[in-house]
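Trainee: Next come the chains, spelled out residue by residue.
4 protein chains.
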Amino acid sequence: MDRTRLEAFSDGVFAVAITLLALNLTVEGPGPGHPKLTDQLGSHWPAFVAYLISFFTIGIIWVNHHALLRSVKAVDRTLLFLNLVLLLFVVLIPFSTATAAEYLSKDNWDARVAMALFAGVFVGMSVGFGGIFEWTLHSESVLQPVPPERRWAARIRFVGGAAVYVVAVVIALFSAYAAFALMGLVAVYYIFERTPAASKSSEDEEPGG
Amino acid sequence: MDRTRLEAFSDGVFAVAITLLALNLTVEGPGPGHPKLTDQLGSHWPAFVAYLISFFTIGIIWVNHHALLRSVKAVDRTLLFLNLVLLLFVVLIPFSTATAAEYLSKDNWDARVAMALFAGVFVGMSVGFGGIFEWTLHSESVLQPVPPERRWAARIRFVGGAAVYVVAVVIALFSAYAAFALMGLVAVYYIFERTPAASKSSEDEEPGG
Amino acid sequence: MDRTRLEAFSDGVFAVAITLLALNLTVEGPGPGHPKLTDQLGSHWPAFVAYLISFFTIGIIWVNHHALLRSVKAVDRTLLFLNLVLLLFVVLIPFSTATAAEYLSKDNWDARVAMALFAGVFVGMSVGFGGIFEWTLHSESVLQPVPPERRWAARIRFVGGAAVYVVAVVIALFSAYAAFALMGLVAVYYIFERTPAASKSSEDEEPGG
Amino acid sequence: MDRTRLEAFSDGVFAVAITLLALNLTVEGPGPGHPKLTDQLGSHWPAFVAYLISFFTIGIIWVNHHALLRSVKAVDRTLLFLNLVLLLFVVLIPFSTATAAEYLSKDNWDARVAMALFAGVFVGMSVGFGGIFEWTLHSESVLQPVPPERRWAARIRFVGGAAVYVVAVVIALFSAYAAFALMGLVAVYYIFERTPAASKSSEDEEPGG
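Residue numbers (the working numbering), protein chains in the order written: chain R, 1 to 209; chain Y, 1 to 209; chain D, 1 to 209; chain F, 1 to 209.
Any given hint might turn out to be false.
Straight-line C-alpha distance at most 27 angstroms; calculated DSS-like pairs for lysine-lysine [as the list claims (entries may be wrong)]:
{"id": "1", "chain 1": "R", "residue 1": "Lys73", "chain 2": "Y", "residue 2": "Lys106"}
{"id": "2", "chain 1": "R", "residue 1": "Lys73", "chain 2": "F", "residue 2": "Lys73"}
{"id": "3", "chain 1": "Y", "residue 1": "Lys106", "chain 2": "Y", "residue 2": "Lys36"}
With beta-carbon atoms standing in for the labels, derived distance ranges [claimed, not checked]:
{"id": "4", "chain 1": "D", "residue 1": "Ala181", "chain 2": "Y", "residue 2": "Leu52", "range": "30 to 36 angstroms"}
{"id": "5", "chain 1": "F", "residue 1": "Trp45", "chain 2": "R", "residue 2": "Leu23", "range": "46 to 52 angstroms"}
{"id": "6", "chain 1": "R", "residue 1": "Glu134", "chain 2": "F", "residue 2": "Arg151", "range": "51 to 57 angstroms"}
{"id": "7", "chain 1": "F", "residue 1": "Trp45", "chain 2": "Y", "residue 2": "Asp39", "range": "42 to 48 angstroms"}
{"id": "8", "chain 1": "F", "residue 1": "Tyr177", "chain 2": "Y", "residue 2": "Ser71", "range": "55 to 61 angstroms"}
{"id": "9", "chain 1": "R", "residue 1": "Arg151", "chain 2": "D", "residue 2": "Gly131", "range": "23 to 29 angstroms"}
{"id": "10", "chain 1": "F", "residue 1": "Gly29", "chain 2": "Y", "residue 2": "Val167", "range": "34 to 40 angstroms"}
{"id": "11", "chain 1": "D", "residue 1": "Arg151", "chain 2": "Y", "residue 2": "Asp39", "range": "14 to 20 angstroms"}
{"id": "12", "chain 1": "D", "residue 1": "His138", "chain 2": "F", "residue 2": "Arg155", "range": "49 to 55 angstroms"}
{"id": "13", "chain 1": "F", "residue 1": "Ser43", "chain 2": "Y", "residue 2": "Ser175", "range": "30 to 36 angstroms"}
Worth flagging that the hints you see were computed from the coordinates, not collected in a lab.
Even glycine gets a Cβ: it sits at the ideal position worked out from N, Cα and C.
Given the sequences, and given the hints that come with them, work out the whole structure.
Mentor: In structure tokens form, the structure reads like this:
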């Protein structure tokens, strides 16, 4: 299988998952006993924040996914499987985001479980992505793998990314809001700082860069 | 990252968002206490009008998006971020359209908030699109940017587009229906008149144009 | 705009619309007062038949869409608009299919309105498709338009297709089931018989055909 | 029609169907009378297992679909029809998965019917896929069909795959859980073992393979 169709399928899944996120943003229509729209929008703030976090996290993973795969010549069954594992968790993001948003109105045990689930899906996604990264280091069908002297630096960053989400899972069990804040910070951080592989690729591309 | 995959991902998001619009068009099934279907279809007219406005607005933004990106040689992280901001608001359109349609049965405060939200998402989309436009003016990786003498004319049109949606937000706070009518007019206007960049591109293409 | 991105966007809309059709196929879960699953599946037969009709109709329109566009060199704003009109109705199909399926449990006035809506969306789709067909006859950017001596034959078939759906709208007002049967027959007919443009193209392609 | 657009459309349908699977994973929000989140997640285990089975089954079918089509030069109407039949069942998977997950809380007759439906949709998918496989053996527009001496081996594996799902339908009528376990085993098996056509293709691709 050539890379193009793997990318096309993955892009489709990323695009659908990122768009389904907004299905969680619903309000009750007008009617007796229903709260006013401004009150609903106000009390739904966790849904909007969770939407932003998940939207940018999927967006960044999509960028990094492309950066990782662009020097892959041929796709073998191991990469196909690792890519499916990554997508398995990407597809779960709308569900975990919706659950977190629904339960975050107060910081009780259920909210903490929901937030641990939210962070846990991101852990799974990071593990899937890290697996693809390791594959690119060892496969013979990668044109320009990350050079050996930069691999540990890259690994530390990947493991660091996954580790922050693991920390968020643990924190969630004590404070749903603290974990939520941490995950928001991670999303903001990633918007301004990409993986080494991605940065390297874009430097190559930028004319005169 | 090359342009092709950015376009493929964006096209996917545009296509899913435009198709999810129709999920808002639902009627209650037959049953005791449910209104007759003709009554439901009649009283749901705001949903159908909002569907038309959002459908053509997303369609036009998709056309303009392609026209803007077609002379981009290489994609840097700034463009990726601006594109994500644009898509962030595109993905919100089914939600804001559904909310506006649900609340527009009478012109009360909730309906005005809903309509301000509807127009506000279009403001965000315009800002994201304007950001991409400014990027194409200054990036070195754009093959044929809009020439300097035409930039202010183009900017005025973009700012004008965003300004109309800002006006719609303000009007919405006084009359939901007036804002709704204004947004319908803007959609009709854009169907018959595209951005300078788009017009220029299609002139180049049309044989004998 | 080149043809490729128009096709990619349209394919995305076709693919999402055809997959959303199955969202209408839902059953109530187990619980007190809920009918048994076999009873539900039995009484939902209109939903399954409507799914089949809409699935194959979208599939056929997708095939014909490609056959029509494959000789288009450049896309102008008229074609973009006509294509959006076609997609506007394609996106409505999951809604009209769901409404028809819900109301078809008995042949009362509401069921007839629902069936007229179902057929009416197909009329709109046929008109949008016919518009694109006429555009290909007159545009200078079409490489191999249908030759003049075959145009009327092709038009008659297109108009015939739209006319059958108009007839289905009229019949629906008298008998929902009769209109449903007619639309099923049309779908079966189209599976085995494609438009002249499509047949011509595939003849060209088939080695030794 | 060339192969590219058939693949793009099919990839879109696969991507949307695989992502819609997660729409079935919903929990009730916090509220009086609603069970605790941990209890809900625990009692929803069939939904998570069914998600895993369907996710990997669609993923594997997508891989095999590409492997089958990659040596197809031109697409004729028979292949288009067979591909639509395959997609017809792929699109049904989110529905059958949701139904199975909802009813599997106890092993009564309804759960058995739901599980038979779940397995039955996979039978349909296998038949559609087998039809495409047979087409590639006989079509003149396939560049490198499976050589005659390997056809029966390949057929036996395909028929075997479909047969296991037929067996699952039969078992489901006696024990929903036994059929569920069988389908899980099949998914695990396919993750580690692909069709001959697919294996052959990837061997060709792997450098030094």
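Trainee: Now look at each hint and say whether the structure bears it out.
Mentor: Right, here's what the structure says about each hint:
Of the supplied pair hints, the one linking Lys73(R) and Lys106(Y) is violated, its CA atoms being roughly 59 angstroms apart against a limit of 27 angstroms. Under the criterion of a C-alpha separation no larger than 27 angstroms, the hint pairing Lys73(R) with Lys73(F) is consistent with the structure, at around 22 angstroms. For the suggested pair Lys106(Y) and Lys36(Y), the alpha carbons sit about 20 angstroms apart, so the restraint of at most 27 angstroms is met. As the Cβ distance of Ala181(D) to Leu52(Y) is approximately 31 angstroms, the hint placing it in 30 to 36 angstroms holds.
At about 24 angstroms, the beta-carbon gap between Trp45(F) and Leu23(R) misses the expected band of 46 to 52 angstroms. Checking the proposed 51 to 57 angstroms range against Glu134(R) and Arg151(F) shows it is violated: the Cβ atoms sit about 38 angstroms from each other. At about 44 angstroms, the beta-carbon gap between Trp45(F) and Asp39(Y) stays in the expected band of 42 to 48 angstroms. At about 59 angstroms, the CB distance of Tyr177(F) to Ser71(Y) agrees with the hint of 55 to 61 angstroms.
At about 57 angstroms, the beta-carbon gap between Arg151(R) and Gly131(D) misses the expected band of 23 to 29 angstroms. Checked against the given bound of 34 to 40 angstroms, the beta carbons of Gly29(F) and Val167(Y), roughly 37 angstroms apart, stay inside it. At roughly 45 angstroms, the beta carbons of Arg151(D) and Asp39(Y) sit outside the given window of 14 to 20 angstroms. About 50 angstroms separates the C-beta atoms of His138(D) and Arg155(F), a value consistent with the hinted range of 49 to 55 angstroms.
With their beta carbons about 49 angstroms apart, Ser43(F) and Ser175(Y) fall outside the hinted range of 30 to 36 angstroms.
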